[in-house]
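Enquirer: Sequence:
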Amino acid sequence: MIEEVNFDDFLKVDLRIGTILEVNDFPKARKPAYQLKIDFGSLGIKKSSAQITDLYTKEELLHKQVAAIINFKPRQIANFMSECLVLGVYNTEGKVVLLQPTSSIKNGEEIR
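Our numbering numbers the first residue of the sequence shown as 1 and each following residue consecutively.
No lab work stands behind these hints, which were simulated from the structure alone. Glycine is no exception: its CB is placed at the ideal position from the N, C-alpha and C atoms. Treat the hints loosely; a few may be bogus.
The list that follows gives simulated cross-link-like pairs (lysine to any residue, SDA-like), each with its CA atoms no further than 20 Å apart [said to hold, decoys possible]:
1. 31 x 95
2. 37 x 12
3. 46 x 70
4. 58 x 8
5. 106 x 51
6. 95 x 57
7. 12 x 67
8. 73 x 43
9. 12 x 63
10. 28 x 6
11. 73 x 58
12. 37 x 51
13. 58 x 39
14. 73 x 1
15. 12 x 70
16. 106 x 61
17. 106 x 57
18. 64 x 83
19. 106 x 69
20. 64 x 15
21. 106 x 81
22. 47 x 87
23. 58 x 97
24. 64 x 28
25. 47 x 91
26. 31 x 82
27. 46 x 95
28. 12 x 61
Okay, the calculated beta carbon distance ranges per label pair [to be verified]:
29. 103 x 62: 17 to 23 Å
30. 99 x 42: 28 to 34 Å
31. 73 x 5: 26 to 32 Å
32. 97 x 7: 35 to 41 Å
33. 109 x 30: 20 to 26 Å
34. 9 x 78: 18 to 24 Å
35. 110 x 5: 36 to 42 Å
36. 101 x 54: 19 to 25 Å
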């Protein structure tokens, strides 16, 4: 059963578009992951740990725009503080496919 939320709950989630500026391996993560630095325009640069190594190389991710939740409480993952959650969906093989705009969007634009 899917838990329903009201519209006011949805409005609390800050969904934004950002561009990946830096991608690094994250060997201390329990599951394979990258450490990302993402530019959200006037909202600044935020870091994220993302388990997206199955379908994306570091080179493919560099300068790619992604959707992310930027107002989650920061979370310690091994020796890294993740400040936002990059959004994706699991495909039929259980690998994460990133949610991203189909055309270029200004960094920091709100998703609604």
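Enquirer: Give a verdict on every hint.
Expert: Results for each hint:
no.: 1; hint: 31 x 95; result: holds (12 Å)
no.: 2; hint: 37 x 12; result: violated (23 Å)
no.: 3; hint: 46 x 70; result: holds (8 Å)
no.: 4; hint: 58 x 8; result: violated (37 Å)
no.: 5; hint: 106 x 51; result: violated (25 Å)
no.: 6; hint: 95 x 57; result: holds (13 Å)
no.: 7; hint: 12 x 67; result: holds (16 Å)
no.: 8; hint: 73 x 43; result: holds (15 Å)
no.: 9; hint: 12 x 63; result: violated (28 Å)
no.: 10; hint: 28 x 6; result: violated (38 Å)
no.: 11; hint: 73 x 58; result: violated (26 Å)
no.: 12; hint: 37 x 51; result: holds (14 Å)
no.: 13; hint: 58 x 39; result: holds (16 Å)
no.: 14; hint: 73 x 1; result: violated (26 Å)
no.: 15; hint: 12 x 70; result: holds (11 Å)
no.: 16; hint: 106 x 61; result: holds (17 Å)
no.: 17; hint: 106 x 57; result: violated (24 Å)
no.: 18; hint: 64 x 83; result: holds (18 Å)
no.: 19; hint: 106 x 69; result: holds (16 Å)
no.: 20; hint: 64 x 15; result: holds (17 Å)
no.: 21; hint: 106 x 81; result: violated (25 Å)
no.: 22; hint: 47 x 87; result: holds (14 Å)
no.: 23; hint: 58 x 97; result: holds (15 Å)
no.: 24; hint: 64 x 28; result: violated (24 Å)
no.: 25; hint: 47 x 91; result: violated (24 Å)
no.: 26; hint: 31 x 82; result: holds (15 Å)
no.: 27; hint: 46 x 95; result: violated (24 Å)
no.: 28; hint: 12 x 61; result: violated (28 Å)
no.: 29; hint: 103 x 62: 17 to 23 Å; result: holds (19 Å)
no.: 30; hint: 99 x 42: 28 to 34 Å; result: violated (22 Å)
no.: 31; hint: 73 x 5: 26 to 32 Å; result: violated (18 Å)
no.: 32; hint: 97 x 7: 35 to 41 Å; result: violated (27 Å)
no.: 33; hint: 109 x 30: 20 to 26 Å; result: violated (33 Å)
no.: 34; hint: 9 x 78: 18 to 24 Å; result: violated (31 Å)
no.: 35; hint: 110 x 5: 36 to 42 Å; result: violated (18 Å)
no.: 36; hint: 101 x 54: 19 to 25 Å; result: holds (22 Å)
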